[in-house]
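Peer 1: For reference, the chains in residue letters:
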Amino acid sequence: MLEVTGMMVFYENALAVNDLSLTVEAGQIVGVIGSNSAGKTTLMNTISGLILDLREKERRKGGERITVMGTVRFEDRDISDLPPHRRAEIGIVLCRERHPVFGDSTVLENLRIAGHLRARAEVKQAMDLTFELFPNLARYKRKKAGFLSGGEQQMLAIGMALVVKPRLLLLDEPLLGLSPAMQTTLVQAIKTVRQETGVTIVIAEQFARPILPMIDFGYVIENGMLTMTGSGQELMDNPEIKSAYFGH
Amino acid sequence: MSRRRERIDRGIKVRADDIYALTSWREMLYLAAPRVAPVLTLLVVGLAAGPYWQRVIMTTSMFALLAISWDVLAASGMVSLGQALFFGVGAYTSGMLNHYFGWSPLLTIPLAAVIGGAISTLLLLPVLRLRGLYFAMVTLIMPLIIERVIEATGIFGGTEGISGLASLPHRLVELLVAMVMVWVALFGLRRLMDSDYGLVLKGINDNDRSVMSAGINIYRRKAEALFIASSIAAFAGAFMTHAYMFVGMPVFAMDYSILPIASTVVGGVGTLAGPLLGAFILVPLSELLRGLGGLRIVIYATLLVVFIVGLPEGIFPYLKRKYTQFERWVEVEK
Numbered sequence: 001m002l003e004v005t006g007m008m009v010f011y012e013n014a015l016a017v018n019d020l021s022l023t024v025e026a027g028q029i030v031g032v033i034g035s036n037s038a039g040k041t042t043l044m045n046t047i048s049g050l051i052l053d054l055r056e057k058e059r060r061k062g063g064e065r066i067t068v069m070g071t072v073r074f075e076d077r078d079i080s081d082l083p084p085h086r087r088a089e090i091g092i093v094l095c096r097e098r099h100p101v102f103g104d105s106t107v108l109e110n111l112r113i114a115g116h117l118r119a120r121a122e123v124k125q126a127m128d129l130t131f132e133l134f135p136n137l138a139r140y141k142r143k144k145a146g147f148l149s150g151g152e153q154q155m156l157a158i159g160m161a162l163v164v165k166p167r168l169l170l171l172d173e174p175l176l177g178l179s180p181a182m183q184t185t186l187v188q189a190i191k192t193v194r195q196e197t198g199v200t201i202v203i204a205e206q207f208a209r210p211i212l213p214m215i216d217f218g219y220v221i222e223n224g225m226l227t228m229t230g231s232g233q234e235l236m237d238n239p240e241i242k243s244a245y246f247g248h
Numbered sequence: 249m250s251r252r253r254e255r256i257d258r259g260i261k262v263r264a265d266d267i268y269a270l271t272s273w274r275e276m277l278y279l280a281a282p283r284v285a286p287v288l289t290l291l292v293v294g295l296a297a298g299p300y301w302q303r304v305i306m307t308t309s310m311f312a313l314l315a316i317s318w319d320v321l322a323a324s325g326m327v328s329l330g331q332a333l334f335f336g337v338g339a340y341t342s343g344m345l346n347h348y349f350g351w352s353p354l355l356t357i358p359l360a361a362v363i364g365g366a367i368s369t370l371l372l373l374p375v376l377r378l379r380g381l382y383f384a385m386v387t388l389i390m391p392l393i394i395e396r397v398i399e400a401t402g403i404f405g406g407t408e409g410i411s412g413l414a415s416l417p418h419r420l421v422e423l424l425v426a427m428v429m430v431w432v433a434l435f436g437l438r439r440l441m442d443s444d445y446g447l448v449l450k451g452i453n454d455n456d457r458s459v460m461s462a463g464i465n466i467y468r469r470k471a472e473a474l475f476i477a478s479s480i481a482a483f484a485g486a487f488m489t490h491a492y493m494f495v496g497m498p499v500f501a502m503d504y505s506i507l508p509i510a511s512t513v514v515g516g517v518g519t520l521a522g523p524l525l526g527a528f529i530l531v532p533l534s535e536l537l538r539g540l541g542g543l544r545i546v547i548y549a550t551l552l553v554v555f556i557v558g559l560p561e562g563i564f565p566y567l568k569r570k571y572t573q574f575e576r577w578v579e580v581e582k
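In the order they appear, the protein sequences are chains A and B.
All residue numbers for the first sequence refer to this note's numbering, where the first residue is 1 and numbers rise by one.
All residue numbers for the second sequence refer to this note's numbering, where the first residue is 249 and numbers rise by one.
Among these hints, one or two may not hold up.
What the hints assert, rightly or not - Only part of the chain B face toward chain A is listed, based on derived beta-carbon distances under 10 Å:
id: 1; residue: Arg303
id: 2; residue: Val304
id: 3; residue: Asp442
id: 4; residue: Leu540
id: 5; residue: Gly542
id: 6; residue: Arg569
id: 7; residue: Tyr571
Claimed, not checked - Calculated Cβ distances over 10 Å to all of chain A for the following chain B residues:
id: 8; residue: Ile256
id: 9; residue: Ala296
id: 10; residue: Glu399
id: 11; residue: Ser458
id: 12; residue: Pro498
id: 13; residue: Arg538
id: 14; residue: Val580
What the hints contain is simulated information worked out from the structure, not anything from laboratory work.
Values in this document were obtained by computation on a predicted structure and should not be read as measured data.
In this text, a Cβ means the ideal position worked out from N, Cα and C, and glycines have one as well.
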């Protein structure tokens, strides 16, 4: 479904993603595991196309020169030069890190803004799914999103991605800043989403412990380079992963 | 094989960044040239020019001061749409001191800079808590209010203004004082903004809550920055008052609010040198275009748009980058 080949991203002279290739089959949950500054966010931005916008902005204001190389193919179509909004239209939806919501709008308004691409009925259906997944959110429908807790904002952000009816859902650090209990809730919700909608999911995360058990396939990246691949179970059994991410 | 463009600091810059590594005249020249050359150029051009263009350079210097003061305010998180307020308050203060007390311009100009700065700061003190658009709106309205108050009540000469004020001793003295003041303001404030004090001001602009958490009273700091910036603008106003030997309602005109912003945008926001460069491009340009009549504004405005769209970072940062870095194509190895 998604095929990234020979991806290289430079921020000025710093290499953020180094010759990375990965494949995602339809219906899979794929994990991209890496510590801080491994290149997870850059990879997600490259798949969703946001990097193209960032590159143009930096170019205009004479800031850092961003160089993007390699190809992104989505359902046998080369989308390397497709702008981010067109990618969202064909179903690649990114939920950015640090739960980006519209702070001054209510929860319902946030979901409606996110769903402007889709028909009203579809949005309604996706909203129902969101409130079913996150009952907490349903209680705060008319509350301003800026006043929600970090966890609730993350749930709302995922809801906003679901409303776009993604075929490929990209989650960038969905567990960031959440308590272990909240992490479990969210992992459970992600599994339910896959079951109910059959969407393909790519999760970039540094917390390997809650993520590894649920993924079909995982990529471990370090300093922008692919260091290990394998199924969730294989990665969990790997001694290096154990020492680096589980602490024993 | 794919290639990408690489940006690298010039070796001479890397070495010159460390003061101990200055080993040759070439390196010292590299550091000194961008600072000394503009000062000398302006001096030579100023002295060689005729009376009319000397006048233009003097006016431009005052606009440059306004622009630098705008940039200091903006760097401290206060976007002002009313440099005319500071300019006008300074102008009226020195005018009054000269008219009613008969004091010499050599005394009234420095006094007006300090008093004008203080008055402007007091006027804006209640709105220091406002940020961004709200602060800008208040500063936009302030000069209009004062203008109308003067018109309605007829104080300070009312609509007529006050003419026949004392002039500065000599045309050349005038020119040289203007130039010296511009360079003192530029280099002094650039140093200030690089010091710890300036870093706090920049921090207020970036994230004022973090600055508060560091135990710093941001309103006090903002008031101080406002005083520094408005004093400079008030100096420009006082200076122009004595240059024209007249003070009146036009000192609160929009020109004095808008031109500094345009200069800053063209030159480069946050650099202080950019606004100065911008003023020295825009003001003489507008004089050159004077012969074109009505088309002048059209050409002038078009140029502004071209600059903003084509070079949003500003001329100064662009030149600086070209001076300190070079670019080359490199092969990317996988």
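Peer 1: Hint numbers the structure violates, sorted upward?
Peer 2: Of the numbered hints given earlier, those the structure breaks are 1, 2, 3, 4, 5, 7, 8, 14, listed in rising order.
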